[in-house]
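Spelled out, the chains give:
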Amino acid sequence: MEKELSSKESLALITEMITKAKEETAGDGGFQLLLWGWVIALCNFGHFTLEKLGYEYPYHVWILVVPASVISFWKGFQIARKARVKSHISRVINQVWIMVFAGIVITLAFMPVIGYNQNPVILILSGLGIWTTGSLIRVNFVRAGGVLLLVAAAVGFMLPVSSQHLVSGVAMVLGYLLPGYYLKENCRERV
Amino acid sequence: MFKPLDPLLHSQLRLAVMSLLISVEEAEFTFLREKTKSTAGNLSVQLDKLEKAGYIGIEKSFKGKRPLTTCKITKTGLKAFEEYVENLKNYIE
Numbered sequence: 001m002e003k004e005l006s007s008k009e010s011l012a013l014i015t016e017m018i019t020k021a022k023e024e025t026a027g028d029g030g031f032q033l034l035l036w037g038w039v040i041a042l043c044n045f046g047h048f049t050l051e052k053l054g055y056e057y058p059y060h061v062w063i064l065v066v067p068a069s070v071i072s073f074w075k076g077f078q079i080a081r082k083a084r085v086k087s088h089i090s091r092v093i094n095q096v097w098i099m100v101f102a103g104i105v106i107t108l109a110f111m112p113v114i115g116y117n118q119n120p121v122i123l124i125l126s127g128l129g130i131w132t133t134g135s136l137i138r139v140n141f142v143r144a145g146g147v148l149l150l151v152a153a154a155v156g157f158m159l160p161v162s163s164q165h166l167v168s169g170v171a172m173v174l175g176y177l178l179p180g181y182y183l184k185e186n187c188r189e190r191v
Numbered sequence: 192m193f194k195p196l197d198p199l200l201h202s203q204l205r206l207a208v209m210s211l212l213i214s215v216e217e218a219e220f221t222f223l224r225e226k227t228k229s230t231a232g233n234l235s236v237q238l239d240k241l242e243k244a245g246y247i248g249i250e251k252s253f254k255g256k257r258p259l260t261t262c263k264i265t266k267t268g269l270k271a272f273e274e275y276v277e278n279l280k281n282y283i284e
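Sequences listed follow chains A and B, in order.
Under the numbering used here, the first residue of the first sequence carries the number 1, and numbering increases by one thereafter.
Under the numbering used here, the first residue of the second sequence carries the number 192, and numbering increases by one thereafter.
None of these hints come from the bench; they were simulated from the model.
All of these numbers come straight from a predicted model, not from anything done at the bench.
Be a bit skeptical, because a hint or two may be false.
SDA-like cross-link-like pairs, simulated, lysine to any residue; straight-line CA separation at most 25 Å [what the hints assert, rightly or not]: (1) B:Lys254 to A:Leu11; (2) B:Lys254 to B:Glu219; (3) B:Lys263 to A:Ile71; (4) A:Lys86 to B:Thr221; (5) A:Lys22 to A:Val39.
Please model the entire structure based on the sequences and the hints provided.
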């Protein structure tokens, strides 16, 4: 026999279930933010340090992006395959990041054309992605990361290219890693 | 003026299912069972009632070798749910 619901119980049940559904579709525990935050921050700091030490090919450090891309796509595919729920939010977030990724690839392809000022441009593209993600999952701390990346981009444009790596590294720590760890702490299961 | 609450939705398990489905595009049977803490048998019966009313669509397929049941809310279901919530507000106010 089913329990008779009062109006208040009905409302409480609706709220509880919507919250549960939201938790399930709200994120990947910040996995992608943490992965890319660590990799790009290390690459930027590595590039900056190697350049200061006089190493001839400081950009070699960026080879780390190759395994990171493989891990990122593999993990994203695994999460999508195992997902028991499809949501509009997850779909939109995926589409946004695909376009951000495409934008970054185009920027990197035309580095000489933009005078090797690719770092601030990439920060702008990433900032848009982080801001949109934060807005969709309604986490202001993540949105703030997006704002910080845009501010860092503006600062980067005012500095010489060699110093932009340092700015980008710091921006990745503050704009990617901090929101990433915040999502992880808050037990978000997927993004 | 109080309008009567839709009896199909004014039931604990069916309302829980509709509230979950309203938030997502589609959801697997196992997800609904876990979140509503119901038994497979009871959930199947209630899903069947919601489907017959045209409130949800049920699709049966396979994930690898395992059978997969996926549910999604229909436009009729969405409208009914919105009306239910609207009427519910009147009862509470």
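Structure-based check of all given hints:
Distance restraint check for Lys254 of chain B and Leu11 of chain A: the Cα-Cα separation of roughly 35 Å exceeds the 25 Å cut-off, and the hinted pair is therefore not satisfied. Distance check on the hinted pair: Lys254 of chain B and Glu219 of chain B sit about 11 Å apart at the alpha-carbon level, within 25 Å; holds. Distance hint between Lys263 of chain B and Ile71 of chain A is unfulfilled; the C-alpha atoms sit about 32 Å from each other, more than 25 Å. Taking the CA atoms of Lys86 of chain A and Thr221 of chain B, the gap is about 13 Å. The hint holds against a cut of 25 Å.
Between the alpha carbons of Lys22 of chain A and Val39 of chain A the distance comes to roughly 29 Å, so the proposed pair goes past 25 Å and is violated.
In this structure, the hints that do not hold are numbers 1, 3, 5, in rising order.
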